[in-house]
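Trainee: For the record, in the sequence shown the residue sitting at position 60 is 338 according to my numbering, with numbers rising by one throughout.
None of these hints come from the bench; they were simulated from the model.
We put the CB at the ideal spot given by N, CA and C, even for glycine.
Hints should not be assumed to be uniformly reliable.
[What the hints assert, rightly or not] Across the chosen pairs, the derived CB separations fall in these ranges: (1) Q333 with A305: 26 to 32 Å; (2) G374 with T313: 26 to 32 Å; (3) A340 with G315: 26 to 32 Å; (4) Q337 with G316: 30 to 36 Å; (5) G316 with A340: 28 to 34 Å; (6) G368 with T300: 27 to 33 Å; (7) S366 with S302: 19 to 25 Å; (8) S383 with Q357: 31 to 37 Å; (9) D293 with S370: 27 to 33 Å.
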Amino acid sequence: MGDSSSGGPADPAVDMWSPCQTDSDCASSVCVVLTAGGQILGGYCSVTPCGNAPQDCGQPPAGTASPICLDIMDQVGQQHSVCGLDCSGGGSCPPGLACVAEVGSICV
279 MGDSSSGGPA DPAVDMWSPC QTDSDCASSV CVVLTAGGQI LGGYCSVTPC GNAPQDCGQP
339 PAGTASPICL DIMDQVGQQH SVCGLDCSGG GSCPPGLACV AEVGSICV
């Protein structure tokens, strides 16, 4: 994730929950790339900061995964709260994303 935090959004970004590889892939300039054991699991466009998931994140365009706020650390060690999708309990992810158990059943 890049260092792009500039206050809460009025509305979630138009490409929210779209797959991405870098911040430049997202209108919000926030691409959350999740890793485990040095392996890239995937990425999605998000917004920061996230303090209230239903208000800050909005619902995904498809799927049944629930919006949540995730506390993550970027590549330079700064912590950010970003929107994520909880797919535990069988929740389905939007097109282009998959439920990944290695990071707590999050859509990436």
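Trainee: Determine for every hint whether it applies to the structure shown.
Mentor: Going through the hints against the structure:
1. Q333 with A305: 26 to 32 Å: At 19 Å between Cβs, range violated.
2. G374 with T313: 26 to 32 Å: At 18 Å between Cβs, range violated.
3. A340 with G315: 26 to 32 Å: Taking Cβ atoms as reference, A340 and G315 lie about 30 Å apart, which means the hint holds.
4. Q337 with G316: 30 to 36 Å: Hint holds: Cβ distance 33 Å, inside 30 to 36 Å.
5. G316 with A340: 28 to 34 Å: holds, 31 Å
6. G368 with T300: 27 to 33 Å: holds, 31 Å
7. S366 with S302: 19 to 25 Å: violated, 31 Å
8. S383 with Q357: 31 to 37 Å: The hinted range 31 to 37 Å is violated for S383 and Q357, with Cβ atoms some 21 Å apart.
9. D293 with S370: 27 to 33 Å: With a Cβ separation near 19 Å, D293 and S370 fall outside 27 to 33 Å, so the hint is violated.
Hints 1, 2, 7, 8 and 9, counting from the list given before, are not met by this structure.
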